[in-house]
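*Asks:* One letter stands for each residue in the lines below.
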Amino acid sequence: MRRQVQEDFPFLREAAGPLRYLDNAATTQKPLQVIEAFSRCYRAACAPVHRGLYPLAARATADYEAARRRLAQFIGAPRAEEVIFTRSATDSINLVACAWARRQLRPGDRVWVTRLEHHSNFLPWQKICRERGAELRIIELGRDGRPDFDAASELYGARTRLIAISQVSNVLGIVNPVQQVAGRARARGIAVLVDAAQAAAHERIDVGALDCDFLAFSAHKMYGPSGIGLLYAAAPRLAEMEPFIVGGGMVDEVGESESTWVPAPARFEAGSPDAAGAVGFAAAADYLDAIGVGALGAHVRALADRAMRCLSEISEVEIYGPSQEGQRAGIVSFNVKGLHPHDVAQVAGEEGVALRAGHHCCQPLMKHLGISGTVRASFAVYNDESDIEALCAAVRRARRLLLSE
Amino acid sequence: MLDHARHPRNRGGLELAEIVRRGRNPQCGDEIEVGIAVARQARGEVLASARFRGRGCAVCIASASIATDALCAMTRADAVRLTREMTRWFGAGGAAPSGISPALQALALVRDYPARLRCALLAWQALSEALDPDAVKPSTPG
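Listed in order, the protein sequences are those of chains A and B. Be aware that the first sequence starts at 1, since it is given in our numbering, and climbs by one per residue. Be aware that the second sequence starts at 1001, since it is given in our numbering, and climbs by one per residue.
Heads up, none of these hints are tricks.
Per the computed footprint, the stretches of chain A lying under chain B, defined by three or more beta-carbons under 8 Å from a beta-carbon of chain B, are:
no., segment
1, 345-359
2, 366-373
3, 390-404
These are calculated hints, taken from the structure and not from any lab test. The beta carbon of each residue, even a glycine, is placed where N, CA and C say it ideally should be.
Chain A extracted, bound-state conformation (with noise of 0.2 Å):
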């Protein structure tokens, strides 16, 4: 598959060295069709949005708009309206937090999370369950190290409010039943949200089967520019909404004591939106279409797999999650005991290849593994095998170079 993408992706000609970029899962590389349609949007349609009364200004309009209806049917959602544009997966979760659950709440409710969640899907519910006197309730994973949603009793309960899980895990690459959980959740009615940011790049993203309440993911993982992301949000749960961010653009009459807003999506858009932003998340998902997301999910299934076996053959390196093959979706944690994550990953840099290393803002699931961080490799489209074999030959250099004998 990278022969027939390289073409696409300038950095790897143009970034400086040669360079084995293995930290998707943080964010990805862009195509020349997303900078392409995000330049063009700056040199021919750069107008305010929503805002003006010339034909350079409705066109800028008319392309954001565009950009919603896009990412709304690359999602499965029914409405465009059902589809904010936030600036991050971070800031859609904090908008359902601030904007939904601040007025659901009530005393003694409880808000589940999983023990693997990212701290964009943890804090925002401590933050909230406190303010709410609410209860924040935590998954826990398994003995096969995935969470154990049987075991967490009451999760389905009477004063279970929201159920907020992500679909793909940013540490280990595990994959939850979303779908089963929202079903079941659902049948209570109880709302699911669905934090989908490592997801969209790879597992085919649709709200209706899933018919979940909110999902969010940003355009920076998948191809897209940094700085735009999006909340869906379920047309019942989007009347129940109240704004959060006030300002311009999302207000119908403002007088001196009371004002009025205007209708979703916009009402949740104060300040002047990022038309590039959304036409380059746009063609993001043009461009995950072209190739097939089932194809590039496989692609990078193989990948974490073969990466797997091949980092068991170093000695002394643990990985974390799922063992079976098949299970990650693009992502393998590990350590080389002995070594701490950050000089690994520091000796494989200036070896080219691209790591993360640390907590990975999963500090609660850090404490339950028992461990400071972990050394991340996560995959992309224009990754192959060669890049697995440097990843090893740089593990085995920090080895060599950082273990005493």
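Since chain A is already given, all that's left is putting chain B on it; use the hints.
*Replies:* Below, chain B alone, put in the same frame as chain A:
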């Protein structure tokens, strides 16, 4: 630095220390404790020992090893001066403190890696608190 990371000096044996201070960086899970013992001699208070224990990355451990090595047998006043100058040098840059050993100079390598600065500073900040418990706690960059 690699040598100090692989074979740290002055590690462990904090039981005899008079003053123990701790440095933590929750971002990377690094956590070390430093301990000093002071002897009164003709030239004033002298550091009879400076030791550390804990876990951390290679930069953190090497820095703790080099720092404790450098401070041992110094007078308290000189040690306070050196830790102050070293922390300033890491943070603000500028000229190296005068007359420092090659091992201390080697620590300057981390200044090319801003992400590792905190790792290198951890031991120095803890030592500075141990040496001068009344001083204002130095702020951490980043």
